[in-house]
Amino acid sequence: MVRYLKLVKTLFRQSMQRELAFRANFGVNVIHSTLHLVGGVGGVVVLFAHSDTLNGWDFSQTLALLGVYLLVQSLKNLFIGPSLAALAGLDGHLWTGEFDFTLLKPVPTQVLVSLQAWSPWALVDTLLSIVVIGLAMRTAGVPHCGDLLLFLLSLFAALGLLYAILLFLAAVAFWYLGTPMMWIFDSILQMGRFPIRIYPHSMSLILTWVIPVGFIVTIPAEFLSGQGTAMLLLPGFALSGLLVGLASHFFRVSVRRYSSASS
Amino acid sequence: MNWRGGIALVGKTLFSYTSSIGFFWTLALGWLMGPLIYMFVWLAASQEGPIAGYGQSDFILYYVGLMLVNQLTYPCSHWTIGESIQSGTLSVWLLRPLAVLYEAVASDVALKVVCFPFVVVIAAGLGFLFHIDPVPWSRVGPFLVFLVLAQIIRFMFAYTLALLSLWTQEISALLKVNDTLVFLLAGQMVPTVLLPGMLGELARLLPYRYMLGFPIEYLTGQLTGSEIMFGLRMQMGWALVSIVVQQWVWQRGIRHYTAVGG
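Heads up: the sequence lines are chains A and B, in that order.
Going left to right, the first sequence walks through residues 317 to 579 as the working numbering numbers them.
Going left to right, the second sequence walks through residues 30 to 291 as the working numbering numbers them.
By construction, these hints were calculated from the structure, which means they are not laboratory data.
The structure presented is a predicted model; accordingly, all values stated were derived computationally and were not measured.
Cβ atoms here follow ideal geometry from the backbone N, Cα and C, with glycine treated the same way.
Just to be clear, a hint being listed does not mean it is correct.
To be verified - If you want a taste of the chain A side facing chain B, the calculated C-beta under 8 Å gives, among others:
{"id": "1", "residue": "I347"}
{"id": "2", "residue": "H348"}
{"id": "3", "residue": "V357"}
{"id": "4", "residue": "V362"}
{"id": "5", "residue": "A365"}
{"id": "6", "residue": "S376"}
{"id": "7", "residue": "L394"}
{"id": "8", "residue": "V447"}
{"id": "9", "residue": "G450"}
{"id": "10", "residue": "M453"}
{"id": "11", "residue": "F490"}
{"id": "12", "residue": "G494"}
{"id": "13", "residue": "P496"}
{"id": "14", "residue": "I500"}
{"id": "15", "residue": "Y515"}
{"id": "16", "residue": "S518"}
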């Protein structure tokens with residue numbers, strides 16, 4: 317365990333050093349994050365200028381949901397996203413053949429693949445998303461300690477789900493390199509900006525159990541605004557554990573197909 | 030104007046894009062999500078009654094129209110042009126007996142042609158699912174005029190912003206600002222008439238509505254005669270401004286260009 321923590325520290329420091337070489341990027345990234353936030357919050361504000369509730373969600377609850385969405389996104393962009401994109405994204409290690417070196421390192425391949433690249437700027441988004449959640453809580457009232465605990469637990473399950481899906485889609489790249497499959501998931505994850513029950517019934521069922529955007533964003537947000545049911549935590553963790561297991565297995569199977577780049 | 034060369038360039042780009050169609054359809058899916066999500070959001074919000082004249086079927090028609098028009102006006106080239114200027118690829122384009130603008134137009138046309146079938150299928154599917162009434166044929170002619178003007182404005186604005194890379198390395202922030210303004214004020218998030226107070230007034234004067242929202246509002250039959258004339262005048266005005274500014278920026282900028290790298 318200590319060995320892995322050391323590995324994370326080294327990889328993070330390495331990514332940090334690479335980023336610090338381009339300091340002007342910091343300003344640009346802050347602008348990007350702020351605009352992303354303006355777009356999202358603007359949408360919610362305009363919506364509630366015309367309507368008091370959205371399918372039973374009031375303004376502050378919807379804002380809190382947006383905050384949770386941004387929080388999950390930022391945690392994804394901290395290391396899961398960049399690491400797997402470095403493997404299977406455009407011009408990733410599978411394209412260039414650099415995956416050879418990953419295989420040769422004396423660390424389990426899946427661990428290294430999942431932790432190899434960090435994007436420290438995502439922490440700015442994390443901060444902004446917490447500000448959004450805080451603002452929402454100011455009008456809605458601070459949640460109980462119990463709800464907060466449930467929120468953190470469900471967030472943990474959510475990150476497991478997110479990781480499992482992205483690992484699975486990254487592993488698909490061993491079979492098909494035509495398009496970054498993770499982008500398709502990113503598009504669908506966007507539906508989590510709003511409570512998934514606003515979508516037609518069949519679609520929201522899919523978004524709960526097949527592509528579990530509901531478990532990733534909506535359910536944690538429900539705990540945060542005190543309308544969650546603790547019962548849902550169990551299937552969340554079960555689904556999360558199951559998918560992580562399946563995705564890891566699929567990843568191991570897929571790696572065997574790797575035949576390096578042509579060069 | 031070297032038309033033959035330009036058409037050849039468009040053809041070449043189109044073929045090269047077709048070979049990686051899966052990739053472009055992935056992009057197209059990403060662009061579809063915004064309109065799709067906001068369609069469902071406004072459907073949920075308008076369950077108890079129409080909002081500012083928009084009922085359920087109006088929202089459906091508006092957002093399905095948005096998917097098509099957004100795809101047909103979305104300029105992708107502004108991201109790549111900036112990069113080409115910074116990496117020095119522009120030098121190669123300058124040596125051709127062909128205006129550099131053609132390179133941007135070619136990738137623009139190719140992308141639209143390649144992505145359009147995907148968007149049409151999705152939009153038709155939604156139209157079938159929600160039983161959208163077909164719009165009257167008489168609206169198609171003027172709509173096409175508004176659509177072309179919208180394409181010119183949106184393309185020229187993005188292209189001109191990308192040309193600013195001739196002076197500075199940091200234009201990605203500027204492009205992002207432009208994208209956010211399009212999202213908020215062009216009618217992507219919400220039909221511009223639903224924007225509250227000052228924001229609505231602003232949206233009527235700024236070019237963004239005329240890049241996207243105006244043709245759709247016309248197609249869905251939301252506009253009165255005088256509103257249509259006002260919109261057309263604004264479109265022609267902004268199209269003219271954007272073309273003149275683009276020419277000016279290009280002529281001044283190209284003198285600044287010092288091929289970097291290769």
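The hints, checked one at a time:
Hint on I347 of chain A holds. Least Cβ distance to chain B is approximately 5 Å, under the 8 Å limit. Because the beta carbon of H348 of chain A sits about 5 Å from the nearest beta carbon in chain B, less than 8 Å, this interface hint is met. The beta carbon of V357 of chain A is not positioned within 8 Å of any beta carbon in chain B (closest approach about 11 Å), and the interface hint is therefore violated. Using the Cβ-Cβ criterion of 8 Å, the hint placing V362 of chain A at the interface with chain B is satisfied: the shortest such distance is roughly 5 Å.
The interface hint given for A365 of chain A holds, since its Cβ lies 4 Å from the closest Cβ of chain B, which is under the 8 Å cut-off. Nearest Cβ of chain B to the Cβ of S376 of chain A: about 16 Å, over the 8 Å cut. The hint is violated. Given the 8 Å rule on beta carbons, the hint for L394 of chain A is violated: about 20 Å separates it from the nearest Cβ of chain B. A hinted interface residue such as V447 of chain A counts as satisfied when its beta carbon comes closer than 8 Å to some beta carbon of chain B; here the least separation is about 18 Å, so the hint is violated.
About 23 Å separates the beta-carbon of G450 of chain A from the nearest beta-carbon of chain B, more than 8 Å, and the hint is not met. At its closest, the beta carbon of M453 of chain A sits 22 Å from a beta carbon of chain B; the interface hint therefore is violated under the 8 Å criterion. Residue-level restraint check for F490 of chain A is violated (minimum Cβ-Cβ distance to chain B is 16 Å; threshold 8 Å). Because the smallest distance between the Cβ of G494 of chain A and any Cβ of chain B comes to about 4 Å, under 8 Å, the interface hint for this residue holds.
Given hint, P496 of chain A at the interface with chain B, holds; its Cβ is 7 Å from that chain's nearest Cβ, closer than 8 Å. For I500 of chain A, the interface hint holds, since its Cβ comes within 8 Å of a Cβ in chain B; the closest pair sits about 6 Å apart. This hint holds: Y515 of chain A has a C-beta 5 Å from the nearest C-beta of chain B, less than the 8 Å allowed. For S518 of chain A, the interface hint is violated, the least distance from its beta-carbon to any beta-carbon of chain B being 11 Å, above 8 Å.
Hint compliance for this structure: hints 3, 6, 7, 8, 9, 10, 11, 16 are not met, and every other hint is.
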